[in-house]
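Chains as they are written, first to last, in the working numbering: chain A, 1 to 560; chain B, 1 to 240.
Read the hints as simulated data drawn from the structure, not as lab findings.
This one's a predicted model, so the numbers in the text were calculated from it and none came from an experiment.
Do not rely on the hints blindly, as some may be mistaken.
[Unchecked claim] A few chain A positions that, by computed beta-carbon distances, are all more than 12 Å from chain B:
# : residue
1 : Arg20
2 : Gln185
3 : Leu273
4 : Arg523
[What the hints assert, rightly or not] Chain A side only, calculated, beta carbon under 8 Å to chain B, not exhaustive:
#  : residue
5  : Arg299
6  : Thr300
7  : Pro301
8  : Leu302
9  : Thr303
10 : Thr304
11 : Arg306
12 : Met307
13 : Ala308
14 : Glu310
15 : Val311
16 : Glu338
Positions of the beta carbon are idealized from the N, C-alpha and C atoms, including for glycine.
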Amino acid sequence: MVTTTAAAEVGGEPAHRWWRYPADLWWRSLPLRVIASVLCASVVVLVLGGFLLMQQATSGVMEGKERTVRDDARQAVESAQAQLNANPLTGTVDVDRLLFELTRGFVARNGGNGQFETVLVSSGASFSSGEVADRSIPPALVTQVQLTNDLLVTPTEVVYTDGRPPVAGLVAGATLTLPPTNRYQIYLIFPLTQEVATLHVLRNAVVTTGAMVIILLTFIAALVARQVVNPVRAARQAAESLASGNLHDRMQVRGSDDLARLAVSMNYMAAELEKQIGTLEDLSAVQQRFVADVSHELRTPLTTVRMAAEVLHDAREDFDPIAARSAELLQAELDRFEALLSDLLEISRFDAGAAALTLETVDVRDVVTRVVSASSTLAERNNTVVSVHASEPARVEVDSRRIERILRNLLVNAIEHSEGRPIDVLVAADENAVAVAVRDHGVGFEASQARQVFHRFWRADPARARMVGGTGLGLSIAMEDANLHGGWLTAWGRPGQGAQFRLTLPRTSGTVLETSPLPLVPRDFTPVPPPVEQPTAPVAPEEPDLRAGSVRLESTAGAP
Amino acid sequence: MSETTRGASTRSRVLVVDDDAALAEMLSIVLRNEGYEPVWCAYGDKALASFREAKPDLVLLDLMLPGRDGVDVCRDIRTESGVPIIMLTAKTDTIDVVEGLEAGADDYVAKPFKAKELVARIKTRLRRTPTAEENELETLRIGDLSISVDGHTVKRGGVPIQLTPLEFDLLLALARRPWQVFSREVLLEQVWGYRHAADTRLVNVHVQRLRSKIERDPEHPEIVVTVRGIGYKAGETVQV
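Only chain A is shown next, with the shape it has when bound in the complex (with noise of 0.2 Å):
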């Protein structure tokens, strides 16, 4: 079940990698999210400005304008008419003559400034002042001015006749009477170029001081993120540290605001943390201290026994027969007693955490002889025979006393376990790991007690006869001396079908181990019943949640 889940993890992640990297950088930095909300927020708000002072000015301009050019037209037409009633006229010519004039005396009197053109438009023709061409006056206007006397004003594209690109601006109309029935319409074109060009200015100088102020403000909360950041970043590191063990670190105090009260309370959680981790430091020194007497005394009267117990051991030909085979038991019972003990210190110097690696390279197959080696009269006296199968150097950075030791606990407790059936040591290793795997075909265990195993003082069957007599702690040790190098310590196990307890020791000493060269599952275990699902768990990839040297309970699948 687990497997699978792992497996649609890892295959779905791919897929989602490459937003993930911008998306990170987003959660990762206050100051990035900081700057990028204030440049967000100004820039709307600089451009709704903008267009707002922009609206504001251009109608502003446009109405003061559009009176000016009222006025102005107001007084252009009457003073054209009051020309024309001032010329009573005879026959086309002269009226297109009159006309002629009329509309160049407007462009005189304007100076040529340019402040407007005229063009006049008679019933036949139309007389106009300047390049302005006939299209720029709308045709709605000309049909408004045809119906009605008043002046009108409109906004137009001004065209002009000589090639210059049109430009905004108003026309006004209105219609001059020559009497008696002749009407005229009379158009005069105010080209707003002026005021095109103060508004090009005024809107670059909005645009400009907008780009200016974003980037100002942007500046600005860089640096109040800075400003705030920075002491939360003290913060962090101040708390990293203490996490790392630097207990006297602490952090700057400045001033009575919100972050200074968060430096002053993390101050204040070091310093309680400081008393709290002496307290304990000084009890694990206390327990440590009270290992080592304990040790000592024990040690010394111990050695006294043991000594006399030899003594009369040897002697124990001389003696009553009763007394002789107590000397025996005596004696034999002292080598209990005495790796009882040995034992017991070494899980107490685990528990005071006083255990230390003394690290040397060395080939796991050299360990794994000399403890095939030595355990050979145990292994004889049992009928067993112990197997190695190592084929590639498995070179590892180890403390080798404790990987002997630990070795020479599985070898010991398969060989008193395996009821004469043979045991199989396998030493396999990759690129990251070394593993010794140690089978025997014995009694086994429930699958459910694989955790059991490396308890203290636990055993498989209570009220099965202890053959060997182990001091029911060897299991622990070794599972503590694994976790000291990193490594793993696994057990497996089926009721009748033996056990396999496997080591795996990263190559170098500080690495995590991910996987182990040797399944968990023996290879030559063929469940019976076989269940379907059995053939995937012993391939199954090693949990990345596992803590090192964890127990890894195999799937509960294969469960008789």
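Keeping the supplied structure of chain A fixed, place chain B upon it in accordance with the hints.
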């Protein structure tokens, strides 16, 4: 005992420095049983006086003593004699053992030990080097040193260098086979008499002590050369 070749006495004298009366008595029984002559001293501060008075062939020294620390006693004895010293220690923690070895102890036995184990250690330390392959008049050369095998002396340019018997044995083992690289385990077997792998710190500490006496510059040894990852070998012989 046949091993005892030193002095007029046929019985080697062993000084037991231990504050535990019961253990000391038991040790005396065992030692006497093995043919040694035990002398007991219970106080650290009186150990040196006892040593001078008894002139033992070997010292069994407990590390935790009233009056004066065992390590200090060890150092005191070393200043005036190279007599073999075996520590009796209840602590197997690195620092105590190494301290004792650095103070000049030749070997150590961790309590609780078996009588046979202790006796084997004593025998090794009291055994002088004669073995079949030796030519007793031989003079060996190692580096710029000359070693007189039968005289148990080491000289540099005619000037004798004082070595303890153990240090002499260690140097001799290397000098006899200058072409061979000795692993720590092999040295433990040849010099200390350990059949099975034992504490290699014994070798490390004593090589350091030996170097401090025979090397011109102990930081850059030329006589006892370290072979990384394997052990030690004798340096090139220099013609003087």
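Taking the hints in turn, this is what the structure says about them:
Look at A:Arg20: its CB is around 45 Å from the nearest CB on chain B, clear of 12 Å, so calling it non-interface holds up. Separation of A:Gln185 from chain B is adequate, the least Cβ-Cβ distance of about 113 Å exceeding the 12 Å criterion. A:Leu273, annotated as away from the interface, keeps every beta carbon of chain B farther than 12 Å; the closest lies near 29 Å. Every CB of chain B is more than 12 Å from the CB of A:Arg523 (nearest about 32 Å), matching its label as outside the interface.
Against a cut-off of 8 Å between C-beta atoms, the interface hint on A:Arg299 holds, since the closest Cβ of chain B lies about 4 Å away. A distance limit of 8 Å between C-beta atoms decides the matter here; for A:Thr300 the minimum to chain B is near 5 Å, and the interface restraint holds. Because the closest C-beta pair between A:Pro301 and chain B is about 7 Å apart, less than 8 Å, the hint holds. The restraint placing A:Leu302 at the interface with chain B holds, with a minimum CB-CB distance near 4 Å, inside the 8 Å limit.
At its closest, the beta carbon of A:Thr303 sits 4 Å from a beta carbon of chain B; the interface hint therefore holds under the 8 Å criterion. Evaluation of the A:Thr304 hint against chain B yields a held restraint, the C-beta minimum of about 5 Å falling below 8 Å. Among the interface hints, the one on A:Arg306 holds; its C-beta lies about 5 Å from the nearest C-beta in chain B, closer than the 8 Å criterion. Interface hint status for A:Met307: upheld, as the beta-carbon distance to the closest one in chain B is roughly 5 Å, under 8 Å.
For A:Ala308, the interface hint holds, since its Cβ comes within 8 Å of a Cβ in chain B; the closest pair sits about 6 Å apart. A cut of 8 Å between beta carbons decides the hint on A:Glu310: the least distance to chain B is about 5 Å, and the hint holds. The beta carbon of A:Val311 is positioned within 8 Å of a beta carbon in chain B (closest approach about 7 Å), and the interface hint is therefore held. With a cut of 8 Å, the hint placing A:Glu338 at the interface with chain B holds, because the nearest CB-to-CB distance is about 6 Å.
Comparing the model with each earlier hint shows no violations; every hint is respected.
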